[in-house]
Amino acid sequence: MPVGTLIAGAGIFSIALGLGAQGFVSDVVTGFFILLEQQIDVGDVIQIGTIKGTVTALGIRTTQVTSSDGTLNFIPNHNITIVSNFSRNNMRVQIDIRIDSKAPLQEINETVEQVNEQLIDKYPEVKSEPEIVGTTMNENNQLVFRITMTAASGTQETVRSGYLAAYLNELRNKNITLMQSINKNQDQ
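Quick note: the sequence shown uses this note's numbering, first residue 424, plus one each step.
Treat the hints as calculated values from the structure; they're not laboratory data.
Values in this document were obtained by computation on a predicted structure and should not be read as measured data.
There may be inaccurate statements among the hints.
With a Cα cut of at most 25 Å, we get these calculated SDA-like pairs of lysine to any residue [stated by the list, open to error]:
(1) Lys550 <-> Ala575
(2) Lys545 <-> Glu530
(3) Lys550 <-> Asn513
(4) Lys545 <-> Ile503
(5) Lys475 <-> Gly577
(6) Lys550 <-> Ile520
(7) Lys475 <-> Val506
(8) Lys550 <-> Glu540
(9) Lys550 <-> Gln565
(10) Lys525 <-> Thr571
(11) Lys545 <-> Thr571
(12) Lys550 <-> Phe509
(13) Lys550 <-> Asn564
(14) Lys550 <-> Asn563
(15) Lys597 <-> Ser576
(16) Lys545 <-> Ile518
(17) Lys550 <-> Met514
(18) Lys550 <-> Thr578
(19) Lys525 <-> Lys550
(20) Lys475 <-> Thr494
(21) Lys545 <-> Lys525
(22) Lys545 <-> Asn496
(23) Lys525 <-> Leu566
(24) Lys525 <-> Thr559
(25) Lys550 <-> Gln517
Start from the sequences and build out the full structure, keeping to the hints where you can.
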């Protein structure tokens, strides 16, 4: 076999090996910096691209994230460019109560203040007192009565659910009519 053919074959093999190793090297370098800089830890709730969930494993080559539906996602570290880490800071909780344009705003405001006073000691995870924003439009152009607060990371859904249930119960107890959702699948 001629030497030129061997050299050409070795060159092609080297190029193929180099291109194949490029992704591996990129995974390892990115994984090293993720671990070194402690950008994320196992147990953190994160979002990488469209994948949101809890970090279940960190490795040099891949990061494993379990989505809320139980899907285990293996993300090659070289695909990680922007990480949103929801576990590092207190999180904002926004509660929107849909109201009618004729709703008694002063009565709603007073009721929300009463509920806030009742619940503040029951939810130590709330880090700032609830702030009544008042009447505004939500992203769907619906009229809402908005309340915001800050809660410890990972507790925002529990806080939102607890406060919203208490607001709705108390408003109903006072016979304050709220907007009803319309289910288009039901007969009218």
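Comparing the hints with the structure gives:
Taken as a hint, the Lys550 and Ala575 pair is honoured in the structure, with Cα atoms around 7 Å apart against an allowance of 25 Å. Restraint check for Lys545 and Glu530: the C-alpha separation of about 23 Å stays at or below 25 Å, so the hint holds. Using a Cα cut-off of 25 Å, the hinted pair Lys550 and Asn513 holds, with the two alpha carbons roughly 8 Å apart. Between the alpha carbons of Lys545 and Ile503 the distance comes to roughly 39 Å, so the proposed pair goes past 25 Å and is violated.
As the CA atoms of Lys475 and Gly577 are separated by approximately 13 Å, the hinted pair is consistent with the 25 Å bound. Simply put, Lys550 and Ile520 have alpha-carbon atoms about 21 Å apart, close enough for the 25 Å limit, and the pair holds. Restraint check for Lys475 and Val506: satisfied, since their Cα atoms lie roughly 10 Å apart, inside the 25 Å limit. This hinted pair checks out: Lys550 and Glu540 have alpha carbons roughly 14 Å apart, not beyond 25 Å.
The hinted pair formed by Lys550 and Gln565 fails the criterion: a straight-line CA distance of about 28 Å is larger than 25 Å. About 23 Å separates the Cα atoms of Lys525 and Thr571, which keeps this hinted pair within 25 Å; it holds. Pair hint Lys545 plus Thr571 holds up; C-alpha atoms about 17 Å apart against a cutoff of 25 Å. Among the hinted pairs, Lys550 with Phe509 is consistent with the structure: their alpha-carbon atoms are about 16 Å apart, no more than 25 Å.
Between Lys550 and Asn564 the CA atoms are separated by roughly 29 Å; this puts the pair beyond 25 Å, and the hint is violated. The hinted pair formed by Lys550 and Asn563 fails the criterion: a straight-line CA distance of about 28 Å is larger than 25 Å. In summary, the hint linking Lys597 to Ser576 is not supported, as the alpha carbons are separated by about 33 Å, beyond the 25 Å threshold. Restraint check: the Cα-Cα separation between Lys545 and Ile518 comes to about 17 Å, which is no more than 25 Å; the hinted pair holds.
For the suggested pair Lys550 and Met514, the alpha carbons sit about 9 Å apart, so the restraint of at most 25 Å is met. Distance hint between Lys550 and Thr578 is fulfilled; the C-alpha atoms sit about 11 Å from each other, no more than 25 Å. Only pairs whose Cα atoms come within 25 Å are accepted, and Lys525 paired with Lys550 is rejected, the gap being roughly 33 Å. Note on Lys475 and Thr494: the hinted pairing holds, with a Cα-Cα distance of about 10 Å set against a maximum of 25 Å.
Proximity of Lys545 to Lys525 is assessed by CA-CA distance (about 32 Å); at most 25 Å being required, the pair is judged violated. Between Lys545 and Asn496 the alpha-carbon distance is near 36 Å, which puts this suggested pair outside the 25 Å criterion. Proposed proximity of Lys525 and Leu566 is supported: the alpha carbons are some 11 Å apart, at most 25 Å. A C-alpha spacing of about 14 Å is found between Lys525 and Thr559, which places the hinted pair at or below 25 Å, so the restraint holds.
About 14 Å separates the Cα atoms of Lys550 and Gln517, which keeps this hinted pair within 25 Å; it holds.
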